[in-house]
Amino acid sequence: GEEVAQTPKHLVRGEGQKAKLYCAPIKGHSYVFWYQQVLKNEFKFLISFQNENVFDETGMPKERFSAKCLPNSPCSLEIQATKLEDSAVYFCASSRTRQGGINYGYTFGSGTRLTVV
Amino acid sequence: QQQVKQSPQSLIVQKGGIPIINCAYENTAFDYFPWYQQFPGKGPALLIAIRPDVSEKKEGRFTISFNKSAKQFSLHIMDSQPGDSATYFCAASIEEGGSNYKLTFGKGTLLTVNP
Numbered sequence: 001g002e003e004v005a006q007t008p009k010h011l012v013r014g015e016g017q018k019a020k021l022y023c024a025p026i027k028g029h030s031y032v033f034w035y036q037q038v039l040k041n042e043f044k045f046l047i048s049f050q051n052e053n054v055f056d057e058t059g060m061p062k063e064r065f066s067a068k069c070l071p072n073s074p075c076s077l078e079i080q081a082t083k084l085e086d087s088a089v090y091f092c093a094s095s096r097t098r099q100g101g102i103n104y105g106y107t108f109g110s111g112t113r114l115t116v117v
Numbered sequence: 118q119q120q121v122k123q124s125p126q127s128l129i130v131q132k133g134g135i136p137i138i139n140c141a142y143e144n145t146a147f148d149y150f151p152w153y154q155q156f157p158g159k160g161p162a163l164l165i166a167i168r169p170d171v172s173e174k175k176e177g178r179f180t181i182s183f184n185k186s187a188k189q190f191s192l193h194i195m196d197s198q199p200g201d202s203a204t205y206f207c208a209a210s211i212e213e214g215g216s217n218y219k220l221t222f223g224k225g226t227l228l229t230v231n232p
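Going down the list, the sequences are from chains A and B.
The opening residue of the first sequence carries number 1 in this note's numbering; numbering runs sequentially from there.
The opening residue of the second sequence carries number 118 in this note's numbering; numbering runs sequentially from there.
Keep in mind that the hints were calculated from the coordinates and are not lab data.
One should not assume that every hint holds.
To be verified - Restricting the straight-line Cα-Cα distance to at most 25 Å, the calculated cross-link-like pairs of lysine-lysine (DSS-like) are:
| id | chain 1 | residue 1 | chain 2 | residue 2 |
| --- | --- | --- | --- | --- |
| 1 | B | Lys188 | A | Lys44 |
| 2 | B | Lys159 | A | Lys44 |
| 3 | A | Lys44 | A | Lys20 |
| 4 | B | Lys175 | B | Lys188 |
| 5 | A | Lys9 | B | Lys122 |
| 6 | B | Lys132 | B | Lys175 |
| 7 | A | Lys44 | B | Lys175 |
| 8 | A | Lys68 | B | Lys159 |
| 9 | B | Lys224 | B | Lys175 |
Keep in mind it's a predicted model, so treat the numbers as computed, not measured.
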């Protein structure tokens, strides 16, 4: 089906624990993006991939966050030593290869709600 | 620095009304402007998008108006329905040049359409 699948839907971690989130992009989409939505509304860009290569990681807090998109595996976002401020909904989106400068739009998953207690 | 400013924060209209949501951007390199609709517990869904070489685009009941000189764009929802009640986000990205593509979002507008 044409949907971006994110797992798990909810994740609860104690402060200092590790959290790992997964995203299966739409088959044939070559770009994957991770966004963090905090305070119900504000979206923060984290990282993007073109296939398995990091495309733009300017939003990643690198000291604790890491991400991968490996062939034939779901993409993953990992947070080491979670902090209370990491509580948010993490969205993954995928999009097709740009052809002729045309953007075909981004399809978002339903998100993973991370709660750090 | 907030690169895309969205207003109002919330909006209440009656069924059949025409809510208008406005966005202003600062970065003149932005060349793709989508609007997203988000229901509680769901991811944003693309509604309609426009490029700066067009001043207006219409898809069904949704219309984007774009003013390049003012660096502003807006979403109009014609004949609004209670099912349109959701949070609406404007966004912008840089497509030309192939080095970016990330979306910069506005802070969202919570729309309530009363029956």
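For Lys68 of chain A and Lys159 of chain B, compute the direct alpha-carbon distance and say whether it is at most 25 Å. Cα-Cα ~24 Å, so holds.
Does Lys9 of chain A pair with Lys122 of chain B here, judged by a C-alpha cut-off of 25 Å? Given pair Lys9 of chain A, Lys122 of chain B is violated - Cα atoms ~30 Å apart, limit 25 Å.
Hey, Lys132 of chain B versus Lys175 of chain B, does the alpha-carbon distance stay inside 25 Å? holds (20 Å)
25 Å limit on alpha-carbon distance, applied to hinted pair Lys175 of chain B and Lys188 of chain B: Holds - the C-alpha atoms of Lys188 of chain B and Lys175 of chain B are around 19 Å apart, at most 25 Å.
Given the hint that Lys188 of chain B pairs with Lys44 of chain A, test it: the Cα-Cα distance must not exceed 25 Å. Satisfied, since the Cα-Cα distance of roughly 22 Å is no more than 25 Å.
Against the 25 Å threshold, does the CA-CA distance of Lys159 of chain B and Lys44 of chain A hold or violate the hint? With Cα atoms ~17 Å apart, Lys159 of chain B and Lys44 of chain A stay inside 25 Å; holds.
Keeping to a limit of 25 Å between CA atoms, is the pair of Lys224 of chain B and Lys175 of chain B held or broken? holds (23 Å)
Are the Cα atoms of Lys44 of chain A and Lys20 of chain A separated by 25 Å or less? The hint holds at about 18 Å.
Checking one constraint from the list: CA of Lys44 of chain A to CA of Lys175 of chain B, max 25 Å. Satisfied? violated (28 Å)
Hint check: violations occur at hints 5 and 7; the rest are consistent with the structure.
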